[in-house]
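Asks: As a plain string of letters, each chain reads:
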Amino acid sequence: MSKITTSQTVGPFSHEAWQWAADACMPGALKTSGPTLLLSGVIYDGDGNPINDAQIEAWIPAGAAEEAEQLIPGFRRAPSGADGEFSMRIPAPGPEAGAAGEPLAYITVFARGLVKHQFTAVFLEDAAGLAQSAILNQVPAARRATLLARQSGDGQYHWNIRMQGERETAFFDYV
Amino acid sequence: MKFDAIEPGVYPELVYPAYKSTVKRGPLQPMLRIEAPLPVTKNIVAGPHILLPHDTDLTAHGDSEPLGEKIVVTGRVVDEDGKPVRNSLVEVWQANSAGRYWHSKDQHAAPLDPNFYGLGKMLTDDDGRYRFVTIKPGPYPWGNHDKAWRPAHIHFSLFGNVYAQRLVTQMYFPSDPLFDYDPIFQSVPDEAARQRLVSRFSLEHTVGTEMLGYEFDIVLRGRDATPMGL
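Chains P and G, in that order, give the protein sequences. As numbered in numbering that gives the first Met the number 0, residues 0 to 174 make up the first sequence, in order. As numbered in numbering that gives the first Met the number 0, residues 0 to 229 make up the second sequence, in order.
It cannot be assumed that every hint is accurate.
Unchecked claim - Mimicking DSSO-like on lysine-lysine, the simulated pairs with C-alpha atoms at most 27 Å apart in a straight line are:
#1 K2(P) x K82(G)
#2 K146(G) x K104(G)
#3 K69(G) x K2(P)
#4 K104(G) x K41(G)
#5 K135(G) x K30(P)
#6 K1(G) x K82(G)
#7 K41(G) x K146(G)
#8 K82(G) x K19(G)
#9 K69(G) x K19(G)
#10 K41(G) x K2(P)
Treat the hints as calculated values from the structure; they're not laboratory data.
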């Protein structure tokens with residue numbers, strides 16, 4: 000039997016303790032030198048109700064190089080709002096990342112009622128190299144669309160997270 | 000690093016009806032086991048520049064001493080091989096001695112303490128050790144069911160050395176009579192896994208006449224780290 004320390008829910012009261020890292024990537028505070036895009040979305044529960052006390056983290060390994068001045072380079076944290084909404088500004092991927100099929104960002108989801116954080120990843124629907132993505136190719140074809148962010152404007156993409164239901168987001172356990 | 004599949008029972012059940020808000024929030028599809036090089040070899044880089052002067056002394060955030068029992072909490076963060084997880088970000092948060100969080104959504108009719116916010120963060124040292132000084136948190140009621148009271152606990156958020164080691168958990172105190180009635184604690188089926196969430200009283204880490212010591216070691220997933228632990 001594995002001797003790991005097990006998980007417990009983040010609960011409803013993480014915000015004050017987690018805010019320092021969220022503040023660092025708010026507009027005005029974020030120090031990133033290259034072009035960025037805006038990723039926004041809503042997190043929903045199994046009834047389609049927005050989750051207003053989630054924490055969404057994004058890790059952008061390829062973006063860290065452009066953010067030496069940032070408190071934690073290549074890292075974003077955003078609490079969901081009253082309507083389950085979240086948004087974060089993310090370095091626009093260079094052509095190499097797109098061609099390699101790397102995700103836009105590796106995502107971690109936390110919430111009250113979620114007893115273990117969930118890993119997933121988000122890809123731009125129009126990225127080059129989606130068909131060659133090693134990660135997407137490990138996701139059953141019918142569920143790949145849950146990981147694609149749709150272009151919603153110039154430099155803006157929309158991506159929802161669904162904890163349950165027909166379009167339940169594909170969540171990962173890394174090998 | 001390598002991440003073996005975790006046996007059933009070690010993690011809490013994602014949908015555990017006794018903890019009501021899991022019912023519509025816990026994913027129903029099995030997690031997909033994914034091979035991806037970056038999450039098991041790289042991580043965010045959180046250096047000492049993120050730390051504030053009193054991040055490891057939660058009793059030093061106000062104008063004077065907070066109310067309650069001052070304690071020190073320490074432990075080692077290791078991987079599944081027992082190797083120290085060094086230089087790794089740990090965040091902690093908790094209720095005050097009366098069982099009230101410094102948070103706008105906490106409606107418990109217990110007093111806030113103007114000298115205690117219950118927020119801290121730190122980096123593990125070369126031995127994987129963390130240490131912080133705080134006030135022993137009180138139990139508090141929540142709306143899950145009749146007479147629902149959470150056992151006293153401190154929340155931990157750990158970043159590990161590689162991204163896939165991320166963990167959020169809760170540390171409990173020895174012999175809490177509320178364990179048997181708490182669906183969050185009980186949502187972990189495996190008895191031994193539950194007990195690993197309970198800290199130990201430590202005379203060794205007790206500081207003279209100032210504060211009692213509690214020890215809480217944490218084992219993150221992952222084995223076969225590279226020699227640098229990166």
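Asks: It remains to establish, for every hint, whether it holds in the given structure.
Replies: Tested hints:
Annotation: proposed proximity of K2(P) to K82(G) holds, straight-line Cα distance about 13 Å (limit 27 Å). Restraint check for K146(G) and K104(G): satisfied, since their Cα atoms lie roughly 19 Å apart, inside the 27 Å limit. Our distance criterion of 27 Å between C-alpha atoms is broken by K69(G) and K2(P), whose separation comes to about 30 Å. Under the criterion of a C-alpha separation no larger than 27 Å, the hint pairing K104(G) with K41(G) is inconsistent with the structure, at around 35 Å.
Taking the CA atoms of K135(G) and K30(P), the gap is about 38 Å. The hint is violated against a cut of 27 Å. Pair hint K1(G) plus K82(G) holds up; C-alpha atoms about 14 Å apart against a cutoff of 27 Å. Pair hint K41(G) plus K146(G) does not hold up; C-alpha atoms about 45 Å apart against a cutoff of 27 Å. Proposed proximity of K82(G) and K19(G) is contradicted: the alpha carbons are some 37 Å apart, above 27 Å.
As the CA atoms of K69(G) and K19(G) are separated by approximately 33 Å, the hinted pair breaks the 27 Å bound. Straight-line distance between C-alpha atoms of K41(G) and K2(P) comes to about 23 Å, which keeps the hinted pair within the 27 Å bound.
Hint compliance for this structure: hints 3, 4, 5, 7, 8 and 9 are broken, all remaining hints hold.
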